[in-house]
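Q: Residue 29 is where the sequence shown starts when you use the numbering used here, and the numbers rise one by one after that.
Calculated directly from the structure, the hints in this document are not laboratory data.
No experiment lies behind these values; they were computed from the predicted model shown.
All C-beta atoms, glycine included, are put in the ideal place defined by N, C-alpha and C.
Just so you know, not all the hints are guaranteed correct.
Across the chosen pairs, the derived CB separations fall in these ranges [to be verified]:
#1 Ser-146 - Thr-185: 12 to 20 angstroms
#2 Arg-52 - Gly-355: 18 to 26 angstroms
#3 Gln-244 - Ser-297: 13 to 21 angstroms
#4 Gln-127 - Met-375: 29 to 37 angstroms
#5 Met-375 - Thr-305: 50 to 58 angstroms
#6 Ala-80 - Glu-245: 53 to 61 angstroms
#7 Ala-191 - Gln-244: 19 to 27 angstroms
#8 Val-193 - Gly-240: 32 to 40 angstroms
#9 Pro-364 - Ser-130: 31 to 39 angstroms
#10 Ala-191 - Arg-36: 30 to 38 angstroms
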Amino acid sequence: MPRTTPPRPVDITAVVPRLAPLARTTTRLHPRPGSPSVRDSSIGGPLLWPTAEPWPHCDGPHERGFAVDMSLVDLRLERLRAAVRGRNRTPQEQKTLGQLESRAYPLTSPPIAPHHGSVAMLPLAQLYARDVPDLPAPAGSDLLQVLWCPFDHPPDTFMPRTALVWRSSAAVTGVRTAPPEPAAVQYPGYLPEPCLIEPEQVTEYPHLLELGKDLQELLGRWNTWEAAGAAPDSSYAPAPEEFYQDELSVAPGWKVGGWAPWGPTDPVSRFCPACGTGMDPLLTVATFEWDSRDQTWVPHEDLTAVSSQRPGCPDPRMPTAVQIASGYRQQLYICPADPEHPHTELMQ
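Work the whole structure out from these sequences, hints included.
A: Shown next, in the form of structure tokens:
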């Protein structure tokens, strides 16, 4: 079922016409649990990877720090048991449970050893240009594959390190069916659940902090909104600029392109390490698809899931099970002059 973002409650360009030239499209990915194949765009699904091409590894360092390392087998078994609890299992679920239980570590096994060597990276995203209009694929490519190392890399980053691969899907003949996997992940939120995507293009405007002081002040005056006949809910009366920020500017969740989310830090320009060109947002890896402050971004098709959410059930805001720190986003940036230049990462 495709996901549809409700129309914005106010046309912001009617309130502040100067914002019109700053509009950008973004593709909300709307990941949903499923069983993607190598020919699907997906989050955490299998990659269309040539048999003769080496699988990416991360050479570390991989320090345990405050980690709560879990083996992939144990984590997948824990998730599947939670998913089938209280209902009849399908034959496939029963088969998978048996396979995982036969490989799981016994309760008496020693903890997982520190990871000092090379670690196989995990599939994070596979995006075909046919599904994602905002994908800035280089000439001759129609597929972006994103992998990550499921460990933090302090002191530089406290989030997984990523690798990007651009390729032509038509050039892949033999496909690797059993890629290597790491023995463990540092945190459960670093193992994405396989999800299909339901891409949808929407229009965004810059984060409030990216606007000049004059525009920020204009949005912060109640009479600006009243003059346009678009006054927000009275709950925003003390700070109407927050209405712009929450409901009219940057879409939440997993997305490609558009404007960057900010908040934990003020906006900072990103420059290509190869040529110095200002970089553009490529992919937002989100913990949550929405939160309490951006409920108007919830797709029509998910409103029932939100209203009927019960304790102990999967959180509809976290279909991928990915968690960045305590609930942040991992932002990947790309060079518009050459998408194959090194990318950069930022937590927000």
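Q: Are the hints correct? Go through all of them and say.
A: Status of the hints after comparison with the structure:
At about 18 angstroms, the beta-carbon gap between Ser-146 and Thr-185 stays in the expected band of 12 to 20 angstroms. Our hint of 18 to 26 angstroms for Arg-52 and Gly-355 holds, since their Cβ atoms are close to 25 angstroms apart. In this structure, Gln-244 and Ser-297 meet the distance hint of 13 to 21 angstroms, their C-beta atoms being roughly 18 angstroms apart. Distance hint check: the CB atoms of Gln-127 and Met-375 are about 35 angstroms apart, consistent with the given range 29 to 37 angstroms.
Met-375 and Thr-305 have their C-beta atoms about 22 angstroms apart, which leaves the hinted 50 to 58 angstroms range violated. Taking the beta carbon of each, Ala-80 and Glu-245 are about 59 angstroms apart, inside 53 to 61 angstroms as hinted. For the pair Ala-191 and Gln-244, the supplied restraint of 19 to 27 angstroms is violated, since their beta-carbon distance comes to about 37 angstroms. At roughly 38 angstroms, the beta carbons of Val-193 and Gly-240 sit within the given window of 32 to 40 angstroms.
The beta-carbon spacing between Pro-364 and Ser-130, approximately 49 angstroms, falls outside the hinted interval of 31 to 39 angstroms. About 35 angstroms separates the C-beta atoms of Ala-191 and Arg-36, a value consistent with the hinted range of 30 to 38 angstroms.
In terms of the numbered hints stated before, the structure departs from hints 5, 7, 9, listed from lowest to highest.
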